[in-house]
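Participant: Spelled out from the first residue to the last, the chains are:
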Amino acid sequence: MTTATNTPEDHGFRLSQLIYDTRYRSITIQVIAMLAFMLIAAFLIRNTIINLSALGKDIDFGFLFNRAAYDINQQIIPYTSDDPHWRATLVGLLNTLLIAVLGCILATIIGVIAGVLRLSKNWLTARIMTFYVESFRNIPVLLWILAFMAVLSEALPAPRAFRGEDPAASMWLWDSVAVTNRGTYIPAPVWGDGSLFVIITFLLSLLGIWAFGKYSQRRFETTGQILPNFWIKLAIFFVPSILVYFVMGRPITLSYPELKGFNFGGGLHMRNSMLALWLALSFYTGSFIAEIVRSGILAISKGQTEAAFALGLRPSRTMNLVILPQALRVIIPPLISQYLNLTKNSSLALAVGYMDLRSTLGGTTLNTTGRELECMLLMMLIYLIVSLLISSGMNVYNKSVRLKER
Amino acid sequence: MSNTNSLSYVRKEMLEQQPAPRSQVGFTRWVRENLFSGWFNSILTIVSIFVIYKILAGTLPWLFGGVWDATSLEQCRTILTERFGNTHYACWAVLTERWNQLLYGFYPETQYWRANLAFVLMLASLAPVLFDKVPRKMLYLTMAFPFLLVWLVWGGTIWGVTSVAVGFILGGVAFKLVDRFGSMALSTIAAVAVALIWWLFIGPSVVGGLNAVAPLGHLQEVQSRDLGGFMICVIIGISGIALSLPIGIILALGRQSDLFIVKTICVGFIEFIRGVPLITLLFTASLLLNYFLPPGTTFDLTLRVIIMVTLFSSAYMAEVIRGGLAALPKGQYEAADALGLDYWKAQRLIIMPQALKISIPGIVNTFIGLFKDTTLVMFIGIYDMLGLSNAIRANAAWNGIYWELFIFIGLVFWICCFAMSQYSQWLERKLRTDHR
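The listed protein sequences correspond, in order, to chains A and B. Just so we're aligned, residue 184 is where the first sequence starts under our numbering, counting upward by one. Just so we're aligned, residue 182 is where the second sequence starts under our numbering, counting upward by one.
Don't read these hints as lab results, they were simulated from the structure. Where a beta carbon is used, it is the ideal one built from N, C-alpha and C, also for glycine. Some hints here could point you the wrong way.
To be verified - Short, incomplete list of chain A residues facing chain B, as computed with Cβ under 8 Å:
#1 S236
#2 L247
#3 R250
#4 E317
#5 P323
#6 T552
#7 G553
#8 E555
#9 M559
#10 L561
#11 M563
#12 L572
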């Protein structure tokens, strides 16, 4: 380590050094930036306080504990109009999360299929997928949501079309799913006595699959033998749960939708608003994911496939062991931002009347209590927290698949 | 090799060249290789043909059997029943009746020429930015265009926008003058100060005087609430695009900088904007902005929306550009330092040209996203195309018409966005300087 011997003569600190000397200039700039930031913040806060006092309002989140007095048509947790606003907010948040999770799953499935098929050697299929991707990517998602809503509410048969001797419409999948313009009715599980055991068994078998994966990996690394992983895992997935299900005397039954009066009863009612939002968001985001998957696969050079073939790996194993682990590294980061986009786009639920966070806290609660500032701040905060949670969670996964450089 | 005579048969002369087997040439081969190369591929082909047939059989008659000439959905259906016996066909008449509303909103009909002229000027002023073969002198038009746009669309005399432009010019002159003393920060401050003094104190009175004395180029004034349709999308989109790129660059540089406070502010801003949906920001603009501004300030809703959309996409832009900056090899920064360039010169001459080139696809994707997001203004009471489609449907004459409007709107967006993505691919190919 050498040090400069001819240090400049010390003239003492001059004021001009704050601008011309790079050692001090950064401090000057930061102080100016800080001052400007604080000035702007003070300006905004002062205005807000003046404006609020002129209107005779204050900042008070107490309204969250008042009676909400409005209904929410889709509830994951029990909710009545007598519940306080915070519970309405929670119901809305859960609806947002529900659509986000369902949307991410379906979008990933659609996206992966479309992305792989777009690379297919089949000319026709590749063209169809290109058409799908380009048309969905280049048209606003709001238009797609409205279009899906129009399909569901205008083109589907009304419940009364299912009536009579020779109905105009019939239910799907052996009379278990009714698709109507008032929503889709699917069989709902009814949890009888002892169903808890089945669920516990199912969860345990999931654990078993994970443990078996570890075991087979270790066995492979020590002995070099490969077990038929897929089939064994499939067996662990199904067999114990089904066994327990029959041993306990079939505790879980399905309640099928039935035509009662002018509408369907029984079963699980999926509203059109939710279906439209779900499908539109999934197909829209799926088109982006398709492009991500395609570029991820294309990013892996052909030499990798050829090398794997030269080592004698079968095509499926090449995909699993060589291509996918490398492609995932390229795919995951943009995939995270697509999941975030989908979650944020779920706030467009407003267009179809799905009661998500924006429609409960930022909609009815805001309008009935007149507390715009509090509601908007709280809503932004919740969205921010959800986004940060998703991105940090996915970043953990991203770290686990990232190239380990040594 | 033993004696060849002992073999029973040896060909002595060459065979004539044979044509390739029919299955290996031309169309047959193409079909074999691309459509029926294996059992899975064949199934895919059959499924694809079935899907295409279903879609075309369902939509083509509907599309081409449509009625273009009617005044209401009722009349449309009467015509269709007369012609085909049923009403399963499109009613394009809604477009012939209402196309002007979808494009211009509630803009006064006698003034459409202004919107058209502004659109043509926009294309002309975009040309030199997009294509470098266009004469460079056109850039003066590009610089003047924002002011022309405001004057043409909103009307009034030319003095208002001229005053804003003069502020910019005075700021530029001040920058040049102070720049001689060699300090970037000082000259920036001087420029901003001079421009602000003009805009806030001198300009308004000058404009008032000139308006009274010589109301030059007076156009009928149009209120912001009368703007709508495709026009408002283009205005918001193009302003957002033009403003979000520079702001995004500054934010990205701030996020990459060593200055802790600047970095913290930039990171906080970017992460906040990226964490909330655009729609909450738009509601903030329409509901809350009055709280944050000095009492009594009124603020045009279109302008508020433009500001929010710009802030929103500049955060995304910053992340895209940050990606470009991070992808640059460190040697580039060090080489710039070694050449003795200061921070701004290094950024302008060495870092940014390369970083921006790397991030072109991301930048254009952000632009496309911004343009598509302009449909969200429907929720805060601006009548964009989707808002207008609801308004048209609310009219008794067109109650229940969906697809014709959706297809029109979708097609307009598709053309714009597809053109943008094609341009970005062309630009990428043109700027590629690595080995091919």
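Participant: A separate judgement is required for each hint: does it hold in the structure or not?
Facilitator: Hint check:
At about 10 Å, the closest approach between the beta carbon of S236(A) and any beta carbon in chain B exceeds 8 Å, and the interface hint on this residue is violated. Violation of the interface hint for L247(A) is found here, the shortest Cβ-Cβ separation to chain B being roughly 18 Å, above the 8 Å cut-off. A hinted interface residue such as R250(A) counts as satisfied when its beta carbon comes closer than 8 Å to some beta carbon of chain B; here the least separation is about 23 Å, so the hint is violated. Checking E317(A) against chain B: minimum C-beta separation of about 7 Å stays under 8 Å; hint holds.
Contact between P323(A) and chain B, as hinted, is supported at the beta carbon level, the nearest pair being about 4 Å apart and thus within 8 Å. A least Cβ separation of about 13 Å between T552(A) and chain B goes past the 8 Å threshold, and the interface hint is therefore violated. With 8 Å as the threshold, the beta carbon of G553(A) stays out of range of chain B, its nearest partner Cβ sitting at about 11 Å, so the hint is violated. Satisfaction of the interface hint for E555(A) is found here, the shortest Cβ-Cβ separation to chain B being roughly 5 Å, below the 8 Å cut-off.
Interface restraint check for M559(A): the shortest CB-CB distance to chain B comes to about 6 Å, inside 8 Å, so the restraint holds. For the restraint placing L561(A) at the interface with chain B, the shortest Cβ-Cβ distance is roughly 11 Å, beyond the 8 Å limit, so the hint is violated. About 5 Å separates the beta-carbon of M563(A) from the nearest beta-carbon of chain B, less than 8 Å, and the hint is met. Checking L572(A) against chain B by beta carbon gives a least distance of about 10 Å; that is not within 8 Å, so the hint is violated.
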